[in-house]
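S.K.: The chain contents come next:
2 protein chains.
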Amino acid sequence: MRKVVFTFLVISLFASAHLLIGQSHQTTKEEQAVLVADQQWEKASEAKDVDKAVSFYADDGVMLEPGTPIVKGKDAIRQAWQRFFADPAFALTWRADAVQVAQSGDLAYTRGTFDLRYSGPDGKPASMHGKYMTVWKKIGGKWKAIADMNNDDGQPGKPAEGK
Amino acid sequence: MRKVVFTFLVISLFASAHLLIGQSHQTTKEEQAVLVADQQWEKASEAKDVDKAVSFYADDGVMLEPGTPIVKGKDAIRQAWQRFFADPAFALTWRADAVQVAQSGDLAYTRGTFDLRYSGPDGKPASMHGKYMTVWKKIGGKWKAIADMNNDDGQPGKPAEGK
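Residue numbers (the numbering used here), protein chains in the order written: chain A, 454 to 616; chain B, 454 to 616.
Under 7 Å between C-beta atoms, here's a sample of chain A residues computed to sit facing chain B:
no., residue
1, L517
2, S557
3, Y562
4, N604
5, G607
What the hints contain is simulated information worked out from the structure, not anything from laboratory work.
Ideal Cβ positions, reconstructed from N, Cα and C, are used throughout, including at glycine.
Work out the full structure: start from the sequences and follow the hints.
M.R.: Rendered as structure tokens:
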């Protein structure tokens with residue numbers, strides 16, 4: 454039964470991955486595999502499943518979060534996700550808008566947008582809408598995030614700064 | 454003479470690219486080519502050369518800047534860089550810490566850190582230290598940025614938020 458549910462989930466994710474991306478070309482099988490990984494990761498975030506969320510990173514993966522220096526390696530990444538999930542107000546969802554895979558099928562990237570709710574510095578509910586990008590590497594036949602970054606879209610009319 | 458200077462510059466960039474990256478493996482020729490592109494782009498930023506800075510993006514490239522929604526395509530990207538350079542306090546430098554290239558040599562990524570000085574919202578000089586990542590695609594034999602993102606490291610002790 455579990456296998457049936459999982460198979461259905463994967464098929465659903467493939468189907469929705471296909472529909473989600475507004476790219477001009479038909480997504481390839483490998484692009485769909487990366488999108489499925491991206492979506493399964495998102496489901497792990499929705500479920501606040503630390504083990505699952507962390508499993509999508511490569512062992513030497515990095516998180517590039519706003520407001521903090523680079524987070525390197527799975528132990529540090531696990532601690533970061535544990536902190537996220539420890540906040541009762543935390544809710545993070547995202548959706549890929551684009552995917553690219555190298556012809557050799559060993560490197561890929563996704564980007565998209567996210568919505569985050571969390572407890573602000575004053576303890577009050579806060580929210581953030583922004584964008585992310587993830588670089589993926591195929592390791593042992595599975596797509597793993599080697600670098601994952603995001604930033605906020607800010608308030609309309611506010612000038613942007615940064616690289 | 455110009456060609457000599459250019460050749461020297463390229464050799465210097467190759468040499469420094471080689472030294473800059475603290476990766477455990479010897480950088481490959483293609484990794485060096487991506488690092489050279491990253492560094493030439495940085496020089497264009499230092500020189501406040503809009504045409505040159507924009508030339509490193511693919512035609513359908515995107516900028517993912519903090520505080521503003523996604524910036525898509527060269528016209529919008531040019532306007533963003535023009536705004537950056539129009540600020541007399543603007544000074545942006547960066548340096549790659551890591552590079553990965555697909556085996557097929559058509560997709561790559563760099564990441565590193567940047568330092569930015571600019572006029573803050575109150576007009577006073579402001580600064581930001583942060584990190585960036587860029588996804589590169591080889592187009593017509595040249596490495597072009599298809600997506601470029603950054604965020605700030607924040608203040609020590611301040612909790613991070615984001616995807």
